[in-house]
Structures are given as structure tokens and as C-alpha cells.
Amino acid sequence: MGRKANNLPARLARKKKIKDKNNLQIQGRAGLGRRREKGRSERQKQRQKPREKPVDPPVAQLSYVELAKQQEQKAEAATTQPSQVVQAPQSKKARRKQRKRTQQEAERSETWENSHVIPKADLKRDDTLYFGEDRAQEGNDGEEKGPLPKASAIELSPGMLVRIAGLKNMTTLNGETCTLQSWNVAAERWSVRIEGNDKLLKKENLEVKALLRPHTPVRLIGLRMQELNGKNGLCREWKAEKSRWLVAVEGHGDVLMKAENLEVLLKPGLQVQLCGLQTSELNGAEAVCLAPLQGRWRVRLEGGAEKALRPENLAVLSQEATFCPAVTQHVEVLEAEEKPSRLLRILRDVQEAERKGLVQRSLTLVFCLEASIAPVSLALGQRQVACLKLTASNQQERLKGFHLDGKRVLLCTDEALSAYGASSIPEVARAVSYDLPDLQCHRKRLERLNKSGEEPGGCYHAFVTDQVPAEVCRGLCEMLQAARIPIHPRLKELSTREALSVPNCWKFEPAT
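Reminder that position 434 of the sequence shown reads as 434 in full-length UniProt numbering, one-by-one numbering, no gaps.
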């Protein structure tokens, strides 16, 4: 048997780096034997000492019924005596921020508070025309309350169709439709006729249902005479003694009608005025109707912005309709050398938008003079833009490749396209007037683009140079202004210059 490691001589233990406090040779106490720190008897006494913490007896498991009872008791105690939530102590930085925030709120000026009006809880937000507070009472109730901010800028006039709302005493009249008769100056109320009886109501209790004014186009509805139902007419004047509107009906002459049987007739191109909107900045603004959209009308405001509004928020200004209002027009003033690059930029932007899926794939017409077709085709070919040329001869052969799966750009003249027929070229959603003609031809191009697609509309670009006569520029300005489209500043300058000699190319009349 070999020696134990701790009984090695000091020299070998030092060599093997053995550290043992019981090895007396290492400690320099050879011959004294091994020292024991604790003997067997001491260890037995340590084990026999009583424990300081007695062990709890095992707890018997509770049944599900007893657990449910305990949960019910806890819930009842929480409802009867709610526990107080103890907030965690805040740090010095948090307390400093809180003091700074309260100090800033206290130092806010009164002008700041007045500039940020917070709507009251009972102010409705359902795009309905309200002229004041909902809590207004009818008749002479003797109570005077401060009016709320008005949500409409409509001036009421006799003959308007209104709806009663907000009555406190006679709640059965709320929701009834009636017609304004006259304004009572002494009582400061409107006289309305309900079921044969006249009542005086505050304007806060009246909601406009139909904006009926003279020269307003209407449609007849709800009549027993079936031959008049659905007929279109024009309001001429309000007959106060008979409480009827005098309406000029198509094919039937002048007819007296109740306001309940008249519906405001809107159509694309009508000039309207915005009213009764919660956004007070838009009230009174003029716009042009574009197209109906899910119970609303899409209108274009001054500057080109478009909105979808309810018919109740549109008051007809004039019966004259704008020409092709759904077509988005872009009239640009360029130099003659800039037109090829600008045409290429438009076509490139269209291709990029179609590639990203922002617009649908469509065809493009480029109207040019006979002398401009060859250089324009050469410029587009050098830029890898495929196009077709349509002249007075071989229209059928040229147009065989003009479709969505082929070449989608067509260079043409007005003579060639008129001879071929506009209805035979579907899916055209964009047109460019490379050489701007006279106004008559310009209107025909707009009309052709408006009727090419499934729905009215499209995008029309026109290039104007210094060679265009001032009469044409003035006509363009009038058309853009009627369509609520921004006018280029240089186009206004060209329209105010002196009349130039009109070249023969501007007197072209397309074939019928």
C-alpha cells in the first residue's frame, strides 16, 4: 500500500504543491501527529441539539368547494371594502418633472385656451347640419341659454325643407319634416307649418334637409300623379301665400309643388357652394361637381383639391355646367425645344406608376400636327418608347397594334382620328396635346377622352408655347377656372398680351 498524499515528506509535498494543514511536516511540526479539530463525541453532541425553528405539521388539502367559498368571500370583501392602492414612491427626477408640468399649466394664457375650443359632450359629429345647441327648446319656454358655436353657415330662407330636432317639451315633433314659411322678427323665430298648424321655432331646432333656392334643379318625387314622378324641373320662385314652389317641369310647364316633393338634382359640372360643414373654413367655398360616389358627391375645390360631400352640403350656384369636369387638365407653358423631353417625362412617369400598381394600364393619345409626327416619333424611338403613327391613310393597319398588350402610345392628327371614329378606341385614359389647336378642337379632344373609358374622366396634358394666340390662352384660362383647376402664371401673362396674327395651322377644322 502506498502512502497517503498528506503524509508525504515536506520536500515532496512542496514539489507537488500539496497543501494540507493536518500535515505537520509541512507546517514544521514533525513528530506531534495528526490534529483533529472536532472529535467524534463533539459531532454527536452537535447532532443531538434541539432545532431552533420547529417544523409546521403538514396542512391538509382543501376541496374545490371550500376553495370556491374562499374566493367568494375575498370578492365580497373587496367590493364592500375596496383596498387602497399604494402608489410607489416617486424619484426626485419624477417629482421635479411633475412640479414643472403643473407650473406650466398654471402659466398658460387665456388666449391659448380660447384658441383651442374643445367640443362639448352632447355636440353631434354625424355630418348633420346643426345650427346651434341641441338643448334649445321650442316656443316661448321662457328659458334663455347661451348658444353653442354654430356648425353651419347656411342662411335660411323661406321655402327650405327642414327637419325638427332638439325639442324638449313637444318631443313628438322631433324628426318631423316641414317647410320654412317666414321669419317672425318680434319673436325671433321661424314660422313653420306642421300638419296644417303654424308653429314658431328657433333656428337651433331646425336642420336643413334640402337647399331649395330659385334656379335650383330638382327632381319630382312622392307624387300620386305617376306621369310627374321622376321628372326634372327648375325652381322658379317661392309662393308664400300657397306654401308651394313654382317649378318649371320639363314637358308640363309651371307646376306648384310642396318642398317635400322636391329633391335637389345634382349633375357633373354644376357650380356649387359648400355650406353646413363642421370645418368652418370650407363653408362658403365654391366648387364644381365631378361624379356621385356612394351617396355623396365628389367635388373639386379651388386649387384642385377634391372632397366627397353629402348633397345637403351643396348649394347650386348656377345652372350652367362645366365642360368635361371629370377630366383632370394640366396646361403647361413650355418652350418649343422643351416639348419632346416633357412628353418623354410624362410617358416615363405613367410607365413607372403602372409598374408599381398605382394606376391601371391604359392607352395614351398624343395629338400632333402633320409636320410634328415624324420628329416626335424619332425622339421617342431614340428613348426606347414604342409608339404608333396614325395618318389619314391606312388607319386600320396602323391601329392593329394599338392595344394593352402591344404599343400603348399613338401619335395621331385630328383628321385621322376623326375619320377613324373615337368610339372604336377603348381603354384610352390619357391624352397629350403636343401642338395645341384652337378651342373648338381642344374641346373635342376633351370630349373624346371623357367618353373613351368605362367611366367619365381621364388625364389631359396640353403644351402651350409663345406661338399660341392670346384668344386661345384666354379661353383656356376660362375653362380651367370653371373646372377649379390651378392656372399656370405664364398662361395668364399670355392671355393678357396683344392679339397676334393667327397662322393657318390654328384655323384647322376637324372632319365631321
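Please note: incorrect hints may appear among the correct ones.
[As the list claims (entries may be wrong)] As a list, the in silico DSSO-like pairs of lysine-lysine whose alpha-carbon atoms are at most 30 angstroms apart:
| id | residue 1 | residue 2 |
| --- | --- | --- |
| 1 | 203 | 168 |
| 2 | 407 | 356 |
| 3 | 451 | 389 |
| 4 | 407 | 451 |
| 5 | 74 | 45 |
| 6 | 356 | 307 |
| 7 | 239 | 203 |
| 8 | 258 | 242 |
| 9 | 407 | 389 |
| 10 | 389 | 444 |
| 11 | 92 | 307 |
| 12 | 339 | 267 |
| 13 | 267 | 407 |
| 14 | 400 | 231 |
| 15 | 100 | 45 |
| 16 | 199 | 258 |
| 17 | 168 | 339 |
| 18 | 307 | 242 |
| 19 | 451 | 400 |
| 20 | 339 | 199 |
| 21 | 199 | 239 |
| 22 | 168 | 307 |
| 23 | 307 | 199 |
| 24 | 93 | 45 |
[What the hints assert, rightly or not] Have a look at the derived ranges for each label pair, beta carbon to beta carbon:
| id | residue 1 | residue 2 | range |
| --- | --- | --- | --- |
| 25 | 213 | 374 | 33 to 39 angstroms |
| 26 | 249 | 191 | 25 to 31 angstroms |
| 27 | 96 | 291 | 55 to 61 angstroms |
| 28 | 45 | 71 | 49 to 55 angstroms |
| 29 | 67 | 295 | 33 to 39 angstroms |
| 30 | 227 | 291 | 25 to 31 angstroms |
| 31 | 217 | 188 | 48 to 54 angstroms |
| 32 | 106 | 354 | 57 to 63 angstroms |
| 33 | 91 | 45 | 51 to 57 angstroms |
| 34 | 96 | 359 | 18 to 24 angstroms |
| 35 | 197 | 217 | 28 to 34 angstroms |
Think of the hints as simulated: they come from the structure by calculation, not from any bench. Keep in mind the model is a prediction, meaning the values are calculated, not measured. All C-beta atoms in this analysis are idealised placements derived from N, C-alpha and C, irrespective of residue type, glycine included.
Checking against the hints above, which ones are violated?
Of the numbered hints given earlier, those the structure breaks are 5, 11, 12, 13, 14, 15, 17, 18, 20, 22, 23, 24, 25, 29, 31, 34, listed in rising order.
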